[in-house]
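*Asks:* Use these hints to put chain Y onto chain S, whose structure you have.
Each chain is listed here by its residues.
Number of protein chains: 2
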Amino acid sequence: MAGQKEMGSGVEWKIRVADGSSETLAPQAAGLAGRVWLGLKNMIAGFVLKVWRFLEKAWDLGADDPRKVIHCLKVGIALTVVSLFYYMRPLYDGVGGNAMWAVMTVVVVFENTVGATLYKCLNRVFGTILAGLLAVGVHWVAVHSGEKFEPLIIGVSVFILASAATFSRFIPSVKARFDYGTMIFILTFSLVAVSGYRVDKLFDLAHQRLSTIIIGTSLCIIVGMVVCPIWAGRELYSLINRNMDKLANSLEGYAAEYFNQSEEEAHKKLLDYKCILNSKATEESMANFARWEPAHGRFNFRHPWKQYLKIGAAMRSCAYCIEALNGCINSANQGPEFIKKHLSSSCLKVSSDSSSVIKELAKIIKTMTKSSTIDLLVGEMNNAVEDLQNDLKTLSGLFNPEDETPENNNETQKTSLKTTTEIPLLGVISVVTFASLLIEIASRIEAVVEEVEKLANLAEFQVMDQCKSKQNQASTEIVPADDQNDEDNTIKTLEKV
Amino acid sequence: MAGQKEMGSGVEWKIRVADGSSETLAPQAAGLAGRVWLGLKNMIAGFVLKVWRFLEKAWDLGADDPRKVIHCLKVGIALTVVSLFYYMRPLYDGVGGNAMWAVMTVVVVFENTVGATLYKCLNRVFGTILAGLLAVGVHWVAVHSGEKFEPLIIGVSVFILASAATFSRFIPSVKARFDYGTMIFILTFSLVAVSGYRVDKLFDLAHQRLSTIIIGTSLCIIVGMVVCPIWAGRELYSLINRNMDKLANSLEGYAAEYFNQSEEEAHKKLLDYKCILNSKATEESMANFARWEPAHGRFNFRHPWKQYLKIGAAMRSCAYCIEALNGCINSANQGPEFIKKHLSSSCLKVSSDSSSVIKELAKIIKTMTKSSTIDLLVGEMNNAVEDLQNDLKTLSGLFNPEDETPENNNETQKTSLKTTTEIPLLGVISVVTFASLLIEIASRIEAVVEEVEKLANLAEFQVMDQCKSKQNQASTEIVPADDQNDEDNTIKTLEKV
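Chains S and Y are the protein sequences, given in the same order. Residue 110 in the numbering used here sits at position 121 of the first sequence; the count goes up by one each step and never skips. Residue 456 in the numbering used here sits at position 467 of the second sequence; the count goes up by one each step and never skips.
Looking at chain S on its own, in the form it has when it is part of the complex (with noise of 0.2 Å):
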């Protein structure tokens, strides 16, 4: 800003010289002239810079999730397609009309998976309906009162109908389902109401507009369902194996992390948990449009998809006390190393359990069959939980050197626990919390199982032997092998939503 007044007032001529002769100038002026073009030459660069870091940004997104770009695609030829239709002009006379009511609804209701759009799509087409018949009523109503009582009506009915129905959209039942419906209702009552058509000229219109919304709404479907389609349905139960694996390699993780002997690797899953914290929105939406879906894959068009979020919130529950472990592992009191040995081995084993059991749990899910080992998982997943409580009352006998004492607690470490008779029980804190933690978190995974197993039963999952059998026979219909594949495929491609 100085230097652009300097400039201004008599020091501009000298750069203008400079431009020819640079070498002839007063160091002065160099110094500004060369002030001048860095200044500028650093906005380009960092606008440069920047526009560059958002190109980028937006080609990892679509690197890491080329279905985003697929969708984007489609948008692009469902557009193309509407337009191209009415530019040709063989239906209609020109775009001014009611032509626009295709496009709109393209751009308006194609969404990202089949559920949204079919939502999306059922919901303008009987919302249009409806208010259009209201409308022509209150229209008929209105005309047939004379010229005084018409903009009354009307104005009266807009009023309350636009009132009444937008308080509709905060109940949450409404919300779900009929949301976006109640805003077209909205829209297409005041439209017709307010035009100022007869009512024989208004049927034209309506039918008009119908058909034109019919044919974006086809449209978006048939684009929507057949190139590269994206369930909803499919993304929740995605979402729900992810998030399985995601806590079983928190838990293991955690627990080598405490006890030092975590890998590089299991570093590195640690905070993975910390998506399931997340991800109650996410699921609340899918299983919305789920239900809009018909069937696809291996989900039937009344698959339990209420199921998947009650799984969900279970194993939210067991991620809230994943994430209070943390507390333990930045403790400032780490148990004396002796206390920690003491329980490593049963904790290492609850840990490595439980995170079995939500192993098989994600393959139960995966393959859509009822596991026959799941109950023995369990168990020794429970079994593994006794011995740590065995092993938590053993260490009570740490502290009480008349009783007798567990093997690995030899002279030398009896010794240290009673010069520093203060620090035990506090050092103990952190081992004991984490042990007790792991407990709670082994309990809530029962929950877990429980709720998967209500979806084994309402899905109608086959016993594995029943399942491998019926292959044999040479019936494929449960889990077709290219179907599966693709079911991994689509785990991948979804591991960086």
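What the hints contain is simulated information worked out from the structure, not anything from laboratory work. The reader is advised that the hints may include incorrect statements.
Where chains are identical, the list cannot tell them apart; a pair therefore holds if satisfied intra-copy or between any two copies.
Stated by the list, open to error - Keeping only pairs whose Cα atoms sit at most 25 Å apart, straight-line, the calculated DSS-like set for lysine-lysine is:
hint : residue 1 : residue 2
1    : K164      : K263
2    : K137      : K352
3    : K295      : K46
4    : K348      : K257
5    : K269      : K299
6    : K258      : K164
7    : K164      : K39
8    : K190      : K329
9    : K352      : K299
10   : K46       : K164
11   : K269      : K164
12   : K39       : K295
13   : K30       : K329
*Replies:* Structure of chain Y alone, referenced to chain S:
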């Protein structure tokens, strides 16, 4: 169904007779008629009951938060005004053309909070302008490149721009600020590019469309800001305040519950913290909308809204730990009474001190003044934590009868300890876990304190004493009394959102 069929084949007649003389009917017919009547009655009653319950729920919703009702009335007013405005046709000829954009704008743009409305209005206006200019340019090029190339150029440009714009909606920074604008951009671009009009007519059209949109958005902004405005910023502020109170309540409640000192009042508030676990999405959207709002109440235009998100995250981290406390309360291994008693006073002290700190933080935010006592309270909380740690230390003395025993460990207790030497530590686990989670919570509260202090610096809160002395000098600009009351009312009415 079966009953209806039988009715059709002769039995119907008997029923008609029954209307006059029900006593004379054969028992079977009476049974049938009765059953049909009962079925119908039940169906109608069921339907009426369902509708009644729905209305009841809706009524409760409105009674709990009258601002929702006000919002609906506001939408009704805005829509009626714009509808009648066009119904009277003072500006344009008929609604068929561009006037509908004004109605549509009001329906689509009017949101619950001022911030959301402003966000949508500005996005709509600028999205339309940008897309309109670009589309006119593309249209001009297409028209001038001959009949053959015209549809090709238009199709390709629609495809590329629609795909690119759709992709940009996936980029988080674009999504947060310009999601709606991008959609409007795609919509306007396709509509204008595809329209068969000549360029000079297009300018007329664009002018009309833009002016109707501006009329619609202005009406929304005026009604939204003048009639009982709901500010997204204030909503966020109240949400954080409310959550802080809930955190304090839950914390106190849990300690009281665990040590059986819970009053009925406290028990009700126990699960208040659950709201905090799931408030992330609301907080983020409110913060996103708040930055579009002009200065209002005690908030400047550039109020540091993002800092509230950090405070929210810090509080959530506390809430996760409280969720883990839950496990201790439900734990089967409740510690023996005398050990619980040993720790109860210090645990209760920690919980009440932490909750005082949170209450003081809430006060800082509510009054928007720096507190002079917060450091003192944090110090007290830390002292209480130290006392608790000391009590945990003396607990180790309980296991070591050679040590001097603390005062509240009398002879009988020692005996009971010795006889049940296997149980204590296992029984103690729950208490120790509870205590160490309390300690962890206290340390997480310090993180909340830090974030609130950052907010106080960023938003330039005044020191309480300065503030008072200023007020004594008849300057009421900082905490005007009625604004304060207004705030309290807002918080009260928001209580059930």
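*Asks:* None of the hints should be skipped; say for each whether it holds.
*Replies:* A quick look at each hint next to the structure:
For the identical chains of this complex, K164 and K263 are inter-copy neighbours only, at 22 Å across copies versus 28 Å inside a copy, given an alpha-carbon limit of 25 Å. Proximity of K137 to K352 under the C-alpha cut-off of 25 Å is found in neither arrangement, the shortest distances being 71 Å within a copy and 57 Å between copies. For a Cα distance limit of 25 Å, the shortest separation of K295 from K46 across copies, 22 Å, qualifies, whereas the shortest one inside one copy, 35 Å, does not. For the homomeric pair K348 and K257, the shortest alpha-carbon distance inside one copy (18 Å) is at most 25 Å, but the shortest distance between copies (38 Å) is not.
Taking identical chains as interchangeable, the C-alpha atoms of K269 and K299 lie at most 25 Å apart whether they share a chain (10 Å) or sit on different chains (20 Å). Neither within a single protomer nor between protomers do K258 and K164 lie at most 25 Å apart by alpha-carbon distance, with minima of 37 Å and 28 Å respectively. In the homo-oligomer, the alpha carbons of K164 and K39 lie at most 25 Å apart only across protomers (18 Å), although the nearest pairing inside one protomer, at 39 Å, exceeds that limit. With identical chains, the CA atoms of K190 and K329 are never at most 25 Å apart, being 84 Å at best within one copy and 82 Å at best between copies.
In the homo-oligomer, the alpha carbons of K352 and K299 lie at most 25 Å apart inside one protomer (18 Å), although the nearest pairing across protomers, at 37 Å, exceeds that limit. Proximity of K46 and K164 under a CA criterion of 25 Å is satisfied inter-copy only: 14 Å between copies versus 34 Å inside one chain copy. Taking the shortest alpha-carbon separations for K269 and K164, both the intra-copy value of 17 Å and the inter-copy value of 20 Å come in at or below 25 Å. Taking the closest pair of Cα atoms, K39 and K295 come within 25 Å of each other only across two copies (22 Å); inside a single copy the shortest separation is 43 Å, beyond that limit.
Taking the closest pair of Cα atoms, K30 and K329 never come within 25 Å of each other, the shortest separation being 60 Å inside a single copy and 70 Å across copies.
This entry does not satisfy hints 2, 6, 8, 13, going by the numbered hints stated previously.
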